[in-house]
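**Q** Got two chains here, separate frames each, mind docking them using the hints?
Taken in sequence, the protein lines are chains A and B. For the first sequence, our numbering begins at 1 and goes up steadily by one. For the second sequence, our numbering begins at 1 and goes up steadily by one.
Warning: the hint list may mix true and false statements.
Said to hold, decoys possible - A few chain B residues facing chain A, derived, Cβ under 8 Å:
hint, residue
1, Gln25
2, Lys28
3, Gly49
4, Ala70
5, Leu72
6, Ala83
7, Thr86
8, Lys87
9, Arg88
10, Asn92
11, His101
12, Ser140
13, Gly241
14, Gly250
None of these hints come from the bench; they were simulated from the model. Since this is a predicted model, take the numbers as computed values, not measurements. Beta carbons: idealized from backbone N, C-alpha and C, even for Gly.
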Amino acid sequence: MSTATTSKNPPESAPADPTGSGVSFLRVLKSEWIKVTTVPSTVILLAVTVLVMVGLAAGAAWGTVQLANEAADRATQSAPSAGATAEAAPTAVPGAAVPTAVPTEGAGVPTDGAAGDSADDSPGGPPAASSLVREVPSSGVLFGQLLIASLAVVLVASEWGTGMIRSTFSAVPKRTPALLAKNLIIAVVSFIVGAGAAFISFLVARPILGSADLSLSLGDDGVLASILNTGTFLALLAVFSMGIGTLLRNTAGGVVTAIGVIFVLPLVATILQNLGDWISDAARFLPSNAGAQLVMAGTTAEGDLTQLQGGLVLGAWAAVLLITSIVVTKKRDV
Amino acid sequence: MIEAVGLSKRYGDKTAVDDVSFTVQPGKVTGFLGPNGAGKSTTMRMIVGLDRPTSGRVLVNGKPYARHKAPLREVGALLDAKAVHTKRSAYNHLRAMAATHGISANRVNEVIDLTGLTSVAKKRVGGFSLGMGQRLGIASALLGDPSTVILDEPVNGLDPEGVLWVRHMARELAAEGRTVFLSSHLMSEMAQTADHLIVIGRGRIIADAPIAEIIAGQKKVRVLVRTDSPRDLLEALAGPGVTGVEKETGLLEITGAQPRRIAEAALDRQILVYELTPLQVSLEDAYMELTRDDVEYRSQDRPQELAAAGTASGKGK
Chain A
1 MSTATTSKNP PESAPADPTG SGVSFLRVLK SEWIKVTTVP STVILLAVTV LVMVGLAAGA
61 AWGTVQLANE AADRATQSAP SAGATAEAAP TAVPGAAVPT AVPTEGAGVP TDGAAGDSAD
121 DSPGGPPAAS SLVREVPSSG VLFGQLLIAS LAVVLVASEW GTGMIRSTFS AVPKRTPALL
181 AKNLIIAVVS FIVGAGAAFI SFLVARPILG SADLSLSLGD DGVLASILNT GTFLALLAVF
241 SMGIGTLLRN TAGGVVTAIG VIFVLPLVAT ILQNLGDWIS DAARFLPSNA GAQLVMAGTT
301 AEGDLTQLQG GLVLGAWAAV LLITSIVVTK KRDV
Chain B
1 MIEAVGLSKR YGDKTAVDDV SFTVQPGKVT GFLGPNGAGK STTMRMIVGL DRPTSGRVLV
61 NGKPYARHKA PLREVGALLD AKAVHTKRSA YNHLRAMAAT HGISANRVNE VIDLTGLTSV
121 AKKRVGGFSL GMGQRLGIAS ALLGDPSTVI LDEPVNGLDP EGVLWVRHMA RELAAEGRTV
181 FLSSHLMSEM AQTADHLIVI GRGRIIADAP IAEIIAGQKK VRVLVRTDSP RDLLEALAGP
241 GVTGVEKETG LLEITGAQPR RIAEAALDRQ ILVYELTPLQ VSLEDAYMEL TRDDVEYRSQ
301 DRPQELAAAG TASGKGK
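Here chain B stands alone, though its shape is the one from the complex (with noise of 0.2 Å):
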């Protein structure tokens, strides 16, 4: 469980999070998207107590990480795939992170296998790949048996086999009662492994929703029409969860009506129509067009209140 409350944090002039409040809860795996730079990295260090809160707190199982008497068996945290002293074998670190907790060479051992680091874990870090790197670093967070745990973009790097681990093992803490934060660029990889997500962009939370709200959201078709009265026809579509925007004249794209809803509207108001084209939307545009414009966070909480802006004729669900 992790509970952050008004959290910011500036580094001089540039405010990284801004009045961030969230909670993550135990049982799911929660989802945290948000563009490079949108204050991802910079929040989970401040729940781990690297970076100190300009202002607001965030609490680990009830406590700030540092209160806690055994920080690893309450929080694993995979922050940055090079947290590791590149002359060291992967053995040796996780030994050395071990002997802080008492945390026996069987566990260690334990992590090592789990994470199919068996092979080369007598070789020295600095050798490892990207990927050999980031197994390395889920290893460490795994090492105290964990009730949280928090991956900072963790399939970074990951050949597709790891990038399966990855989402299977996540899946598997979360379905064990354990609190599982993950972060992510990648619209995509969230949609296939998290159960609630927070989305972030330039340090503000812009959404936070369990994911199959966000997705049943993105599911309104979208239908680009072609007509010479514009108005007329959306008028005659309005209704909720209905809105248009006028790309340019005579072209409409309409979202929330199907296209045979379009065409009989259409017909009953004898308004010519000469293009109706229904229209993709993938979580991955949406997503783009979310995190894009920085006057869209303020206004909006919810992705899929997009295309509000322009001539909409019924704004809302």
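One chain only, chain A, in its complex shape (with noise of 0.2 Å):
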């Protein structure tokens, strides 16, 4: 890179440029940072995402230390039998934990683990440490994916929708490096507003819970691959998602179809699945189910993907995305 990158006959009056030399993959990586990062509207989305993200969490805990007061209260007014609080809390827990939540496995929402993890906990005293309390940094997850697979379909399918791609691509002509350098500052913004927000729920949770004597602390099983793996779903989704806007070029198609996928498809399979076994056991490979399995903090359920299943699943996904947009991407005329 450091010989014959200008021109052979370098007309005398141009200026010279001491930095010389051509395209690499580092200075692609810049390139495409300083255009995440100078389009205002991304910032502020990344903002709200943390703030959704955070603000859902908070709902969560709330909603959790309700529960657990409902329980306790229970608890001392009947006669302390040994079975009611297990009872009565399986009951409530999916609508009052995660109050925004639609009640079904498919969006993405750990509202699975709950029922059944809490029924183990030792009666009479609260519910701590239950997969419920330690899925609560991660609850904001549900909103986070709709706003992080909209702004990966946004960043890529905007630049065709403005004609920035001619003046990307006339910079990068081998077209690869640009995309992979697209996806790769996509998944790593993802993983950090996903994590970040995780942990940002994490600190705003803790006080929460904590007036209703639930603990919460990075120590307690899953609690903090939870919080992480909220990073690595978006960041998987993200580059699914970016996928999908890179081979529709198309901003409102590509958001519609993304969001289609990931919550429309998993509802479709809900409502479908008394039409056979084969419907749910499909469902569990659906991007947003298999990622759902990453943030779990708890056991998983009978015949669900295991939080590294889970992970595989929609990391193959990914891949697949983005290798099939790059490989399109390149033959086609811009």
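**A** Okay, here's the thing in structure tokens:
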């Protein structure tokens, strides 16, 4: 790269450029980073994502507190018989703990583990460190995935919408480095936003949960993994969505498609699940369902993918979309 | 230096560029002239690798564009004023482009000054007028200080001062030894800027010649002559470079002969002439005629040979 990058007959009056030389992946990465940070709406959207995720987690923490208080009240009012708390808690869980969640497995919120787990907790005392509590920090991921998926589509598709892609691919005519750089940046940014928001959520949720004597610490089983994997989930989902945006080259179409695959398909699978076992079997492999397993902090329910399996399945989705989008983009005219 | 060999581009049934071969030399301004939809932009997009040729190839400075390690330092292209994210500022757009090649912030400021964008550089490109957008496109093209500059309709939307500036800049870049390839659908624009002209119509090259030659060809006189014996008159005038078309009964349009010569020839042969009107032929007219009829393209390679059809009596130059 150090030689032969200037023209064969350098014009005499041409000002010498001391930095010289040509395209490298690091430079493309820097260029893409400048692009991400210089469109105000991107930065605003990322900030909003963190805010909403933390807000949602705070709500979930508060809901959990309500639930615990109700259970405690019932326990003191009725005769302190050994199963009362355990029976009361599971029935109230889905609605109260995750107030804004669509009560389905497919919505990407870890609701399913909660029911099973809190029942296992020792009767009488507060259900401390149940998976419900441990998953509070990551509960913002429901909304986070919506925003991050949209952002990933917009980041790439808007380049086609505005014509910017012609400048991008004129500067990087091999195209692959530009797309890889875009994906790497959205993945890292999404990871930081996801894990960061989950960690802030953890800090915000702790005092709220503490008011009902519910303890939550990073050392609790699965809590740290759940916080980090909130980032992993969003990063993989972002790459998946960016692939859709790159293939469709259209902001509106890309967002609708990404949201459709992430949110609507799991709902459709839930609605149709009585038509055959294979539907719910297959639905486990949908990107958002598989990804939801990543943020689980409890034991995996019978038949569900494990945390690792969920991550691998979502990773495979992301990889397929990334590779397809690069191969197709290299071939197509701009 | 740009070399296209057998370059074709088809979109489905439609052939946008049809087996085009040409060379654009360094050190001069080469105009790329053709009506809208003639294939100018498609050809230029193929040069910088945005569109893939259906067949043929095009090299820039000896290599396909994408093979260069520092493409922006080889070729700077203004392809489309709207190749910029509307929400980003001009300065940040150029900074992002520059970053891919490690081009310094100094150079970014330099091209901003050079293109007169200093006062609006920090504003969002979405609010730019067509003319400012063109200037930003030109700034992007010059960013890598390239040895080859491609400008697609650069004066589009520019005010008169801007038009002069582009002309001056194109001439200056060529004078520095660079290859300058400039498209336009306006013949008049080309006449004032280009040294060499490549004319394209419906995807084919119609003419590829120094502009002086083309203008010289166009300076042939055309004369309208009304006479009762047009055939006799044409016979009398027969000679190299003289052509004639009978536009209606008794009305001849003669190209390549001065009015005085026509009058003398008529006098010699005792032919009655009752109208003799010299016609001003503009480049614009010739160009319009040149690009109007597809059939013309195949048999002609010089615009000045247009009038050959009909009762010609001395085809050729």
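**Q** Give a verdict on every hint.
**A** Now the hints, each set against the structure:
1. Checking Gln25(B) against chain A by beta carbon gives a least distance of about 12 Å; that is not within 8 Å, so the hint is violated.
2. Taking 8 Å as the C-beta cut-off, the interface hint given for Lys28(B) is violated, the closest approach to chain A being about 13 Å.
3. The criterion of a C-beta within 8 Å of any C-beta in chain A is met by Gly49(B), whose closest approach is roughly 4 Å, and the hint holds.
4. Because the closest C-beta pair between Ala70(B) and chain A is about 3 Å apart, less than 8 Å, the hint holds.
5. Because the smallest distance between the Cβ of Leu72(B) and any Cβ of chain A comes to about 6 Å, under 8 Å, the interface hint for this residue holds.
6. This hint holds: Ala83(B) has a C-beta 4 Å from the nearest C-beta of chain A, less than the 8 Å allowed.
7. A distance limit of 8 Å between C-beta atoms decides the matter here; for Thr86(B) the minimum to chain A is near 5 Å, and the interface restraint holds.
8. Look at Lys87(B): its Cβ gets to within about 5 Å of chain A, closer than 8 Å, so that hint holds up.
9. Taking 8 Å as the C-beta contact cut-off toward chain A, the hint placing Arg88(B) at the interface holds, the least distance being around 5 Å.
10. Evaluation of the Asn92(B) hint against chain A yields a held restraint, the C-beta minimum of about 4 Å falling below 8 Å.
11. The beta carbon of His101(B) comes within 6 Å of a beta carbon in chain A, closer than 8 Å, and the hint placing it at the interface holds.
12. Interface restraint check for Ser140(B): the shortest CB-CB distance to chain A comes to about 6 Å, inside 8 Å, so the restraint holds.
13. Against a cut-off of 8 Å between C-beta atoms, the interface hint on Gly241(B) is violated, since the closest Cβ of chain A lies about 40 Å away.
14. Violation of the interface hint for Gly250(B) is found here, the shortest Cβ-Cβ separation to chain A being roughly 55 Å, above the 8 Å cut-off.
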